[in-house]
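Quick note, the sequences are listed as chains A and B, same order.
Residue numbers 1 to 256, in the working numbering, belong to the letters of the first sequence in order.
Residue numbers 1001 to 1335, in the working numbering, belong to the letters of the second sequence in order.
The hints are all genuine.
Cβ pair distances, simulated, as ranges:
#	chain 1	residue 1	chain 2	residue 2	range
1	A	D185	B	D1332	41 to 49 Å
2	A	T72	B	A1162	31 to 39 Å
3	B	I1236	A	L254	41 to 49 Å
4	B	L1154	A	T24	41 to 49 Å
Bear in mind the hints are in silico, worked out from the structure with no lab data behind them.
C-beta: ideal position from N, C-alpha, C; glycine also.
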Amino acid sequence: MNSSLRADGITHRIGSSSLIEDATLAAGAGEIVALVGPNGAGKTTMLRILAGDLRPSAGRASISDVDVSRATVHQLAELRAFLGPQGVAPNPFTVREVVAMGRHPHRRTTAQDESAIIEMAMRSTDVAHLAARSMASLSTGELQRVGLARVLAQQTPVLLLDEPTSALDIGHQETVMGVLRSAADEGATIVAALHDLNLAAAHANRIVLLDRGRTVASGAPGDVLTASGLSAVYGQPMTVIPHPHRDCLLVLTLDR
Amino acid sequence: MTKRARIASLVALGSALVVLMVTALLAGAVTAGWADLVHMLRWRVGLSDGPALLTDSVLWAIRLPRVLAGAAVGAGLAAAGSALQGAFRNEMADPHLVGVAPAAGLGAVAGIALSPPGIHPLYTMLGAAAIGILAALGTRWISNRVVASNQFILVGLAFGLALVALLGAIVLAWDSPRVPTFTFWVFGGLAGSTWAALLAAVPLILAGYAIITVSSRSLDLLALGETQARHLGVNIERVIATILVGVGLAVGGSVGLGGVIGFVGLVVPLSLRRSIGPAHRWLVPASALGGAIMVVAVDTLARTVAAPVEIPIGLLTAALGAPVLVWFLMRDGRA
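Put together the whole structure using the sequences plus the hints.
What follows is the structure in structure tokens.
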């Protein structure tokens, strides 16, 4: 398969603790790959290595065959966009100005294209009605959606998202996953760390289950989301049943 | 605020500055009016063949360089303040508080010490700019690499306090007619402004201003924090170093010309950010104009309200700047 994002033998240690151990990941255009696992599993570390923010102790990550640890800051900004769990930190600019900052890496396009891209990004993430508001006046969930709008405006082949739905209500969670699906359908490669296993089950093409830095399982949702595997990794009894209305699985917790 | 309203604000600030500068030219012990101003200009360009009047020389050799120096000093300090506040996302970041201005003062004194007899002002200005740049870059390096906390402002504050003490000690101990007085280095002063000093300082201030302006877009992106700005393609270390060189040049020229004047770089960008907005392509020029207005106005008060005694300008900028600062903070608190 032609993978736009590859990570081979990634290991990252700080002192004697290993945050990521020999992880391998490949994702192609049109795919949503979910990174799941308990706190401290290494999801954020993996995303930061893929983004080029963190140089791994061993291994190599590349986007469109460009080694991320050798790419320039500007090259990386054209290859991948990154959304942290807080979305965008509160700042004095307006929502529209912040979404427009996503266009920074592409300074050559015309003003008309720019404004169409910015409007589209704001509409799809349901922040268009906030366009003129100051970022300082937004709720946590709104900040997260503005963050996603900025990431979409960046129009990169790869999107790396750390907990993109953590502050969102259930309706906006579905909105955001739908937006990611459309972006994937248009050819983007998406890697998202998700805590909500049911969002991963419903929307990801593939799931990577991490535990204490190691890849425990990787593959189609049906192969990764097993009652025994999840119960062992999370230390919490769970069951996995078919979704009554959707063509996907449903993960439910059980009494301890 | 719309783009048109922002342009209108800049035009209003510019017009206010021009009116204020003319008013300042005509204020003082030797009374002068419009006719004297026109006479002086005709005399300068050689249209009037009579002997120079007293007002001609007072206006040309004393007041005009002083008013222009006030505008240049204020513009340099406030533009530098807007850049520091933007780069470090903190309104405490002021060239005086973070030590760039006192460092530039030390550089100016060193320049005077190295200057050939007669003291060429170029030595003062270049010394001030060089040490100002060095202090700004050094503070960044130390806060990033040595202290490793990215606390530019706190590290700058620590160095700034030490530098103020060192500067004060040196000028007190080095009792020479070559060195301007202690008051000049602690509270600033524009009384000694000359055309030669102005011509040496203004290119540095303009160069610093130009560098800061070119970095406007990067300064905007830095409002997202260094990590997110980097994700959008901003080369953080290079951009911050560029901005700090611009700040060092603007502050160096300002301090060499007007001494160490506090509060201008703090209060002007802080108040304008609340009216013209945070975008640096507007905020930096507005701050430069606002800073020029503040220093020219305060300097005119300093030399006229208690005449013939002149009040050190830094006393007045602090006395006027502090209430303005508190007023804006109170307004933020209620919003």
